[in-house]
Amino acid sequence: MSAAAATHAEAGHHDHAHHEPGFIEKYLWSTDHKMIGFQYLFTGMLMALVGGFTVYAFRMQLAFPGVAVPGYGRVTASDYNALITTHGSVMIFWVAMPVLIAALGNYLIPLMIGCDDMVFPRLNRLSYQIFLVSAVILMASFFVQGGAFGGAWTAYPPLSAKAEYSLTGTGSSMWLLAVALEFVAFLLGGINFVTTVMNSRAPGMKMFDVPMVVWMIIIASILFMASVGPLVAGAVMLLFDQNFHTGFFDPAKGGDPVLWQHLFWFFGHPEVYVVLLPAMGIVAEIITVFSRKKLFAYKTVLYTAVGTGVLSFFVWAHHQFVAGIDPRMANVFSVTTLLISIPVAEMVFVYIGTLYGGSIRLTTPMLWALAFIGEFLIGGVTGIFLGAAGADIYFHDTYFVIAHFHYTFFPIAFIAVFAAITYWFPKMFGRMMNETFGKVHFWGTIIPFNFIFIPLFVLGTRGDHRRIYDYRHFPDLMKAGMQDLRILATISLLTLLAFQVVFLVNFFVSLKKGPKASKNPWNANTLEWVAPSPPPHGNFPEGLPNVYRGPYEYGHPDRAEDYWPQNVEGA
Amino acid sequence: MIDHYVPAASTFAPHIDDLIILIGAVVGFWGLLAEVVFIGLILKFKAEPGVKSKYVSGELPKEKRWVSIPHYATLAFDLLILVMALRVWHEVKLEMPKPDETVRVIAQQWAWTFVHPGADGILDTSDDITTIDELHVVNDKTYQFELTSRDVLHSFSVPVFRLKQDAIPGRIIKGWFKPTMTGQFDIQCTEICGIGHGLMPARIVIETADQHANWVKANTALAAVAPAAPAPTPTPTGGMP
Amino acid sequence: MQRPIATTRSATGIPTGRLAVWWVIASEIVIFGGVLGSYLMHRLGHPEWSHQSIHTNTWAGAFNTFVLLTSSLCAVLAHQAAEAKDGKKAARFLMFTVLGGLVFLIVKSFEWSHEIHEGFTLTSNTFWSFYYTAAGLHGLHVIAGMVIMLIIMPDVMKNKELQRVENIGIYWHFVDIVWIFLFPLLYIAK
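Chains as they are written, first to last, in this note's numbering: chain A, 1118 to 1688; chain B, -3 to 237; chain C, 106 to 295.
Since the hints were derived computationally from the structure, they do not count as laboratory data.
Ideal Cβ placement from N, Cα and C applies to all residues, glycine included.
There may be inaccurate statements among the hints.
Straight line, CA to CA, 35 Å or less: simulated DSBU-like cross-link-like pairs of lysine-lysine [stated by the list, open to error]:
(1) B:Lys40 x A:Lys1370
(2) C:Lys190 x C:Lys263
(3) A:Lys1323 x B:Lys50
(4) B:Lys42 x A:Lys1416
(5) A:Lys1143 x C:Lys263
(6) A:Lys1556 x B:Lys213
(7) A:Lys1556 x B:Lys174
(8) A:Lys1323 x C:Lys265
(9) C:Lys213 x A:Lys1279
(10) A:Lys1596 x B:Lys213
(11) A:Lys1143 x A:Lys1636
(12) C:Lys190 x A:Lys1370
(13) A:Lys1596 x A:Lys1143
(14) B:Lys60 x A:Lys1323
(15) A:Lys1323 x A:Lys1370
(16) A:Lys1323 x C:Lys190
(17) A:Lys1630 x B:Lys213
(18) B:Lys137 x A:Lys1596
(19) A:Lys1636 x B:Lys42
(20) A:Lys1596 x B:Lys174
(21) B:Lys94 x B:Lys42
(22) A:Lys1323 x B:Lys170
(23) A:Lys1630 x B:Lys42
(24) A:Lys1636 x B:Lys170
(25) A:Lys1636 x B:Lys40
(26) A:Lys1596 x B:Lys170
(27) B:Lys60 x B:Lys40
(28) B:Lys50 x A:Lys1633
(29) A:Lys1556 x B:Lys94
(30) C:Lys265 x A:Lys1143
(31) A:Lys1416 x B:Lys60
(32) B:Lys170 x A:Lys1633
(33) A:Lys1323 x B:Lys48
(34) B:Lys94 x B:Lys174
(35) B:Lys50 x A:Lys1556
(36) A:Lys1279 x C:Lys295
(37) A:Lys1416 x B:Lys50
Far from chain B by the CB rule (all over 10 Å, computed), these chain A residues [as the list claims (entries may be wrong)]:
(38) Tyr1144
(39) Ala1194
(40) Gln1246
Based on the provided sequences and hints, a complete structural model is requested.
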């Protein structure tokens, strides 16, 4: 079927009238991809508050051990473990994943590929509902006998497998159940995303006309689908070990605790790229728009993303160098780990290259996108210390790892997300955000962020090991200056948290009172800017768009304007 | 540099420190260079009225150079780091110099048990000395350790040795170290092991041969009375081949 | 509910429903891959498990293999009938497929109750833990397939949504293939 004929055939479908939906139908039971995106976004933001509160409580304990934390009370050893476990699990599984993949994927994919919804809207709704149940289960685990699970987000057995070791039998099972349900939710979502992008692109949109963020979400979804299976199987096995006393991970019964580590990290490492790639995609959209530049080497970015994805399946054991696996394995996994630095570094180079010759406008979303590149670079290079097996012996499970991890994950889960929210806010809610507030929030987040984690690099190098609730038991870790560094990190965290109020105020006030946004306030090329702000149900009331070119035709020499939307006809 | 804060007290500790400094120099230089180029580009190409952005696809070989040269540079330096890292790894984890003595390290929730071979230098004899949360070793002697756990995963970490190894129930994992200075230092558990994970501090006491002999003498009488810790039964797997 | 236009598009040329089934199968393969990979690693590390596995009933397993293969054949015939737009015939063959699944489950339940009676329970040995977990997970997929077939059958009978016959057929073949892996690993390897 030719493109023109397809549009014609589809136009017939389009003029069915919508009745006015009620509150529940509109906000809670909607099958509209945009509403489901918002459900994920707001649930993710709510969970980010939980993640933020937990880190507040345990960082206070580290800076001022034994002192009652305002708003929480005394942090006991078991509280501390529950807090760090919840912080890690929530931020990865209930903030980064839902916001980056589910919220933005749901919101952006149909708009950016020019169709009216996901291919399976009801499956989409079900995916969110399962996700919501998983979040509720996780939160409920705080209120059961023994409290929330405290075996760290990696949940290594035998600690996680037996109640007599963890002392949180119910909490462990609820944590595991919540994680497993969350995986099911994202599997359903991922199948929907991939099928939608494969089949429902606007007529004329060829493979290399797909905006980078959509590509990245799709590659991430496929990575997720291909890596999470073994962990789902592992979760079933661990649930059986916990509740039916099987011995999959129990050496006394012929099982092997290290097996869990393999299953976990076979998923866990690709998972890093599952969230990194969408963040990279967001940044690609924003830096091209605000430097008015074509993305440098579109195909290279795509190939590096695929290369990273493939390689990410062969690096997992670098988390286990000193875990008791055959030490000869380090030869292989050090090589693959350092190899993966090449495509990721290349992606960063390409983004830096995109800035060359641009006409850069430092708006709030652009500041966030640039900060992502600058900070992620630090996270990337510090990873080399850990991938190099010899150095990892010393750094493994120290604060160096924590600092490295947060230099990658904070840019991913927050910097890129703030970039995305400030960039797409006009489209999502039809109003502009305040730039001054936006910039205050930006600097108030970026500066303290560095002052949290640079001290942690130093502390890790000086020997601080992870998941310790009180360093006063370790004379070598109470040497001059070390507690000061811990206090500095905590005070920086408090500053960072305080500045998030600026964001929330800006967000909600702009939502109600911001100046109305036009269809395309940033003069961008991609299809979501063709739809009205905010787009109605069905997205494109003037008919679904056709696509004539790639998404990054900025500053084309033949045109007076410096942008060239994908849907505008012409050679 | 690191030993300014954390003494380097084993034969391989300086090698790990050197490796870390090498990596630091390489990634520090390139990371900084990338940041400088990055910030420089932002400042140089700030929007100016009337100036249109350049149209660069990045698909021409001339343009791709800007990515492919750093690409090969990354590869080359990765190889350098890899060779150095694996040399150190082999020294610490794959080579096993002939030990002068063997100690047994048993982790449990939430304490360390150390079995010293005593005066005869052989484990599992009646003069073994068993201590809790305190390991006594002699400076300049090569030690083999046999590491196991009674319950969950733990990790035997001695920061001044730059040594770390997880303990797994049901397995005995072997490793080695050779102290190079006397003193008392922390032993940490670096694998979360339940609510008492933060309460598993132990100390390593590195002594001269004379001090150690005195300590052995003073404790042998005690050990004769106290029952020796039962030797862990599981067969050795994993760890050193 | 009105179907979105998105669902009617087909840029790849593969119908959306079938494409989605393939992705479901892709993600299921890694789940079963995780279970079977873990089992294989353990099995190789524990030659003594052969003392346990001799107690599995190879003949029941072989019979069930035959039953599942036959039911897959019925699914193929149902697909052929659906291609010929003969909804009634397609529904009849789907019914035979469901019956195959039912026979499979009945044999399985006799087998399991016998084994549990003999003392080989989920917790008696890690071999049996794997045996019940892997076969149980597979059994759940059999049940899911049967339920879906029963749900789509009324529409198929009315000659509506005939593409679903093929989609569920693909899924059923996958469940069948998983069993082809389970049977030698759990029953034949003694």
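Right, here's what the structure says about each hint:
no.: 1; hint: B:Lys40 x A:Lys1370; verdict: violated, 66 Å
no.: 2; hint: C:Lys190 x C:Lys263; verdict: holds, 10 Å
no.: 3; hint: A:Lys1323 x B:Lys50; verdict: holds, 25 Å
no.: 4; hint: B:Lys42 x A:Lys1416; verdict: holds, 26 Å
no.: 5; hint: A:Lys1143 x C:Lys263; verdict: holds, 33 Å
no.: 6; hint: A:Lys1556 x B:Lys213; verdict: violated, 70 Å
no.: 7; hint: A:Lys1556 x B:Lys174; verdict: violated, 55 Å
no.: 8; hint: A:Lys1323 x C:Lys265; verdict: holds, 33 Å
no.: 9; hint: C:Lys213 x A:Lys1279; verdict: holds, 31 Å
no.: 10; hint: A:Lys1596 x B:Lys213; verdict: holds, 33 Å
no.: 11; hint: A:Lys1143 x A:Lys1636; verdict: holds, 23 Å
no.: 12; hint: C:Lys190 x A:Lys1370; verdict: violated, 56 Å
no.: 13; hint: A:Lys1596 x A:Lys1143; verdict: violated, 59 Å
no.: 14; hint: B:Lys60 x A:Lys1323; verdict: holds, 23 Å
no.: 15; hint: A:Lys1323 x A:Lys1370; verdict: violated, 55 Å
no.: 16; hint: A:Lys1323 x C:Lys190; verdict: holds, 34 Å
no.: 17; hint: A:Lys1630 x B:Lys213; verdict: violated, 82 Å
no.: 18; hint: B:Lys137 x A:Lys1596; verdict: holds, 28 Å
no.: 19; hint: A:Lys1636 x B:Lys42; verdict: holds, 25 Å
no.: 20; hint: A:Lys1596 x B:Lys174; verdict: holds, 25 Å
no.: 21; hint: B:Lys94 x B:Lys42; verdict: violated, 64 Å
no.: 22; hint: A:Lys1323 x B:Lys170; verdict: violated, 57 Å
no.: 23; hint: A:Lys1630 x B:Lys42; verdict: holds, 31 Å
no.: 24; hint: A:Lys1636 x B:Lys170; verdict: violated, 67 Å
no.: 25; hint: A:Lys1636 x B:Lys40; verdict: holds, 31 Å
no.: 26; hint: A:Lys1596 x B:Lys170; verdict: holds, 31 Å
no.: 27; hint: B:Lys60 x B:Lys40; verdict: holds, 21 Å
no.: 28; hint: B:Lys50 x A:Lys1633; verdict: holds, 32 Å
no.: 29; hint: A:Lys1556 x B:Lys94; verdict: violated, 63 Å
no.: 30; hint: C:Lys265 x A:Lys1143; verdict: holds, 30 Å
no.: 31; hint: A:Lys1416 x B:Lys60; verdict: holds, 11 Å
no.: 32; hint: B:Lys170 x A:Lys1633; verdict: violated, 68 Å
no.: 33; hint: A:Lys1323 x B:Lys48; verdict: holds, 28 Å
no.: 34; hint: B:Lys94 x B:Lys174; verdict: holds, 11 Å
no.: 35; hint: B:Lys50 x A:Lys1556; verdict: holds, 27 Å
no.: 36; hint: A:Lys1279 x C:Lys295; verdict: holds, 31 Å
no.: 37; hint: A:Lys1416 x B:Lys50; verdict: holds, 19 Å
no.: 38; hint: Tyr1144; verdict: holds, 40 Å
no.: 39; hint: Ala1194; verdict: violated, 5 Å
no.: 40; hint: Gln1246; verdict: holds, 33 Å
Hints 1, 6, 7, 12, 13, 15, 17, 21, 22, 24, 29, 32 and 39 from the list above are not met by this structure, while the remaining hints are.
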